[in-house]
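Go ahead and model the full structure; you've got the sequences and the hints to work with.
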Amino acid sequence: MERNSTNYILTRHTYCFCRQKNTNIRLTLPVVCFVWQIAMIILFGVFIRYDEESNTHWVETKAHNNITSDIENDFYFRYPSFQDVHVMIFVGFGFLMTFLKRYSFGAVGFNFLIASFGLQWALLMQGWFHSLDPQTGKIFIGIESLINADFCVAGCLIAYGAVLGKVSPVQLLVMTLFGVTLFAVEEYIILNLLHARDAGGSMVIHTFGGYYGLAISWVLYRPNLHQSKRMQGSVYHSDTFAMIGTLFLWMFWPSFNSAITDHGDGQHRAVINTYLGLASTVLTTVAISSLSQKTGKLDMVHIQNSTLAGGVALGTAAEFMISPYGALIVGFFCGIISTMGYIFISPFLEKTLKIQDTCGIHNLHAMPGVIGGIVGAITAAAASESVYGKQGLINTFDFTGDFKDRTVLTQGGYQAAGMCVSIVFGVVGGAIVGSILKLPIWGDPADENCFDDEVYWEVREPMVMHWHGTLCPEFWSNTNLLKGPQRSALNPHYVQL
Amino acid sequence: MERNSTNYILTRHTYCFCRQKNTNIRLTLPVVCFVWQIAMIILFGVFIRYDEESNTHWVETKAHNNITSDIENDFYFRYPSFQDVHVMIFVGFGFLMTFLKRYSFGAVGFNFLIASFGLQWALLMQGWFHSLDPQTGKIFIGIESLINADFCVAGCLIAYGAVLGKVSPVQLLVMTLFGVTLFAVEEYIILNLLHARDAGGSMVIHTFGGYYGLAISWVLYRPNLHQSKRMQGSVYHSDTFAMIGTLFLWMFWPSFNSAITDHGDGQHRAVINTYLGLASTVLTTVAISSLSQKTGKLDMVHIQNSTLAGGVALGTAAEFMISPYGALIVGFFCGIISTMGYIFISPFLEKTLKIQDTCGIHNLHAMPGVIGGIVGAITAAAASESVYGKQGLINTFDFTGDFKDRTVLTQGGYQAAGMCVSIVFGVVGGAIVGSILKLPIWGDPADENCFDDEVYWEVREPMVMHWHGTLCPEFWSNTNLLKGPQRSALNPHYVQL
Amino acid sequence: MERNSTNYILTRHTYCFCRQKNTNIRLTLPVVCFVWQIAMIILFGVFIRYDEESNTHWVETKAHNNITSDIENDFYFRYPSFQDVHVMIFVGFGFLMTFLKRYSFGAVGFNFLIASFGLQWALLMQGWFHSLDPQTGKIFIGIESLINADFCVAGCLIAYGAVLGKVSPVQLLVMTLFGVTLFAVEEYIILNLLHARDAGGSMVIHTFGGYYGLAISWVLYRPNLHQSKRMQGSVYHSDTFAMIGTLFLWMFWPSFNSAITDHGDGQHRAVINTYLGLASTVLTTVAISSLSQKTGKLDMVHIQNSTLAGGVALGTAAEFMISPYGALIVGFFCGIISTMGYIFISPFLEKTLKIQDTCGIHNLHAMPGVIGGIVGAITAAAASESVYGKQGLINTFDFTGDFKDRTVLTQGGYQAAGMCVSIVFGVVGGAIVGSILKLPIWGDPADENCFDDEVYWEVREPMVMHWHGTLCPEFWSNTNLLKGPQRSALNPHYVQL
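Going down the list, the sequences are from chains A, B and C. Per our numbering, the first sequence starts with residue 0, numbered consecutively. Per our numbering, the second sequence starts with residue 0, numbered consecutively. Per our numbering, the third sequence starts with residue 0, numbered consecutively.
There may be inaccurate statements among the hints.
Which copy is meant is left open, so a pair is good if it fits within one copy or across any two.
With a cut-off of at most 30 Å between alpha-carbon atoms, the simulated DSSO-like pairs for lysine-lysine come out as follows [as the list claims (entries may be wrong)]: (1) LYS228 / LYS353; (2) LYS20 / LYS353; (3) LYS228 / LYS293; (4) LYS228 / LYS437; (5) LYS293 / LYS20; (6) LYS389 / LYS350; (7) LYS293 / LYS437; (8) LYS137 / LYS389; (9) LYS389 / LYS228.
Hints are computed from structural coordinates only; laboratory data are not their basis. Since the structure is predicted, the reported quantities are computational estimates derived from the model, not experimental observations.
Right under this line is the structure:
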């Protein structure tokens, strides 16, 4: 493209040159990708094997376990949910972040990159912590491992939402490397040591991921971010693209919360609860969004994000007997709190606490995640044999082995403890990782180039200059206006065609 | 955004002020959302419980029924289809309606809102009519209830298509409240009293929903709708977005028609028939669309809509032994009729019958639904033991209990009777509900503001004025032209960037 | 639309008139659609019946085979994968091709048309070759037949990628008719006669489809294609739309490679391998893409396409015990090779071999397909009883019946032979079909109208003229410039609004 042959483009490049950071990632990005991928291959070669349901010895396993039909393979219990979760990770998270007018490539593309790396590293980290076979020293993977790897990646993608548009892909890969590592450890503490239940990850995924991202964003605070203000809004079609992400997350959240719950009633119940909770959230989100504007107009930011809060908050309790109206109540309050978060808390976080949260993950993941942890603890503590049945209670909370004497009250306490662990891991881990990402070697963009795909992507299409919300007339009569400092005096808006 | 600082925008707002209706929904919308959601919570608390396959007593149910494996839980028979149906409701219907150049937020967003409300109300209404346990006074829900709730919502979303862009979200919620109520009653009459079969809802969903929407649109007729003509077309990208809706509806329609059919061969056959019928429809739609233009060009309106008619028309007969070529024949004629509907019948409806049908639901749902009802009646009447087998015939038409002596001919008659019930409920119900919606309290837009997201949504992006299909040169040389009555003389087209 | 009332549009039409080919398809397209669809109905009536799992006699089949539960119906093993494959065919392939700035309707719409026709013809062709019952002379279809029909269509859609924007819909239908025919024959030779394994179709689908398309494109070479250069690039939103296609292909590829593998461990293992291979491909694609630009920027063309190469290359070996790290290695190299293909090989093909490959199917399908065939041959030849188990080896390679004495080495040889068959069928078949498509009766566009939806679609939206990458100033000051030959001197770019 001959983009450089126009005054406008040349001018812009010249103009930016003096302030521009070095965003050349031609060395770092390929090196990181190659080295890490080769490391993955070696570590997989050493550690990862097919489990007994996915290797060719299944025919003998079946005979040995008196399994009469292939349909008993765990694959058929979990594959539909797995694919839904997979869509949430790649299309859901990816497109949800395309709302910015000129950062769709980065939203979808970097989401794609870090999820693809993260899931490999997650299989290893989760394998070492959860399922390393002591005899063979191997990790045996099956469909449930893939779901857990996707879950682990979700935590890092949530964190990406806080720093969207302000970091380089290399920083994102580093953030994912440490995020997955921290995730596997906190998950091990919460699920295995504390024996808390958290099938949909209100605590281990959303609370951890939310605070991890917020802490990183706090360390990477940019006081001059207003210099890229022209790029921060959405345009009409970018908001429509974002709704693709919202809807796929919303529709498939029942699969997310039920993907690794118990076979049979466990998966069935988790789906019903999540379905209902999310429906309830939509109505209260719309209500608060409409209340927040003088004429009752709705704000796409709320519809795109807060409608999902009910799913987050049911991550822990969806598999419990929270009852259908209980799920509706959780969704009801999450819609209100999350939307009010966008209206009141996000500006407060930015101004007072110096946390710049591009996607508002505090309102969509961190707060609803904490609510979900609390709801889970209360629901667990309130469980009773009369409601669950004797065996049902044991199955639901897995009161077997070392934990067979645990009472529901104790369980509630451990659930609450798990909540705290995930917050601590998120905040402390995020602060440390943020410090690493602050090193000036990662190729992050200058303040005035944030939220702009042109920094890391070949963008083939010209942008048209706009002035005060409409095409700038001076542009046509006198392109010289665009040379030099007058440009900022005009406060132009660039919107895409 | 500083949109108000341009002449154009100021002018536009001033200009419109005198005629504008009060579209302020800051009071009504939140009140309706809150009150209805709280009512849902209370009613769910009183009535709705998990069924035996989704509560923790499943372990005892299994033992009691000699079920050996969790995979026998109805969840595993229906969950993949349920998720497909869920995608059709939220992404399919939502994005199908984004074809208008400036109503994508309303299409996807209001669809999201009314579906989320409707499915809750549907669980209650359908529960009261179909599955209220007389002993406990409770409604027990499982995965099949969720599918039925989504189906019920589909009827209302079809009706939304007729009034798209011309009503307020409050009107839509009212329309959904009554729509779901009427749906549950007509469904009860058709399926339970008449004992007609209609697994994919040609009659109960599409015919009812279609006529319900058309009748409402007839009552709400706007003689001056041409005042918002500039907003009624599509733009390039809005047509592409609409194809997302079309394709997800088309691809998942086999799941729609098979979601609640009999386990085993019932679901299997319904998928095959729908898959084939839809494929056939695409070819005849393309043929007629090409024939309708002087140079054989295709029209996206036809491709987006008429390609789906075959799925609608197989809603009743898909589970029958209509045979693969039978499904192809149904699809063949539906593609022709539906496309001709867009070319000839829609203009006739608008001019002569004063029915303004934004999405052409008459061609996509009402007509093909009626065809589907007739096909179902004929196929049922022509069923024979030689084709179905003795037990197969009983299973397919559920000739058990009170209906065990019914013949296939009688069944065909009752199918036809069901057809009439759905039309009557749609037309009469729609006329009544339309009268309610005509009250001047719902915040509906003025004739010249129809099909414009700016009425109910915060839209952050400027529009550029176009004149005679290209950017208006006068705009740049003399912005004063835009002040006052000259504007309408110019007949400007607003198209989004 | 009053598009003709502006100088610009009038000029453009006048200007093009002299060179324009006759693209009127008002006769040919409807005739082809009608005749072929009627032929399908007749042939289906003669040949196609429900198989024993999808007809009402299933109740007797079950009893006869001592099947205790409906969940044993093949439908429940394969339906979730089928729906994923269906999404890949219609949304995946369709949207992947929307990257061109002004060919989204053609990409999604023609993809829709030819897939809908192709799957019907595929059911017949594959039925005659693979499953014609010799006693009854009928083809019995079930869910696996539908998957195979979708697979067959995939081969033709791959070929469409090479000629995207340069052919008429009639040519595409002809290409699909012959493509499906050739596919069924080569598939019969490879899978039945040579008894090669190729569940995900590295050979039968991707290699064949790739070379079929390339050979057609070679025959249809247009030396003056540069005349439509202004239409060949992407714009910002068209690249975002294309990512919808990319991601749905990427996410559902595990379902593609596992859809028709053995029940149980076969499907389970194929999913794990494909999931891992694809993840690995993303990292190396990003690495090479970044390396290829001076400043390390990423190119959407690579991200949209090369990230999928790992799935193609695991089409044969995914069901084997290639082991998780083996899958990573395959993905690793495919990402590198495919991306380098876009950088180095595509320009070479166009300049030296005169093959114009719009979507780069050589890099995404042909090369990775060949790699997949080789990997499959090697993995098969290296299989051993110690890894697979005695029965596992027999099951995996289906060493039963006539092939029960085959060794793994022989099997490796036959796999390699299958590879060659698919290349030969693709190249020779494509050359012949290309010659047929060269006849001047199909309504293909002139060189300067390629990649433009206006040729075959009613496009309602104006285009704005751009010059040197930004809005052309002369356009506003002097529209006369656009009349006549000066237009080409200006080398204008048309970009959509």
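How would you classify LYS293 and LYS20 at a CA-CA limit of 30 Å: within, between, both, or neither? between (42 Å within a copy, 16 Å between copies)
I want to check one pair: LYS20 and LYS353. Are their C-alpha atoms no more than 30 Å apart within a copy, between two copies, both, or neither? within (22 Å within a copy, 43 Å between copies)
For LYS389 and LYS228, with the copy left unspecified, which applies at a CA distance of at most 30 Å: within, between, both, or neither? Answer is neither: 59 Å inside a copy and 66 Å across each miss the 30 Å cutoff.
Up to 30 Å between alpha-carbons, please classify LYS293 paired with LYS437: within, between, both or neither. Close across copies (25 Å), not inside one copy (41 Å); limit 30 Å.
Should LYS389 paired with LYS350 be assigned to within, between, both, or neither, using CA atoms and 30 Å as the limit? neither (52 Å within a copy, 68 Å between copies)
Check LYS228 against LYS293 for me: Cα-Cα at most 30 Å, and say if that holds within a copy, between copies, both or neither. both (24 Å within a copy, 28 Å between copies)
At most 30 Å between alpha carbons: which applies to LYS228 and LYS437, within, between, both or neither? Classified as within: same-chain Cα gap 22 Å, cross-chain 44 Å, threshold 30 Å.
Can you tell me if LYS137 and LYS389 fall within 30 Å by alpha carbon in one copy, between copies, both or neither? between (36 Å within a copy, 23 Å between copies)
For LYS228 vs LYS353, is the C-alpha pair at or below 30 Å within one copy, between two copies, both, or neither? within (16 Å within a copy, 48 Å between copies)
Going through the hint list in order, the structure does not satisfy hints 6, 9.
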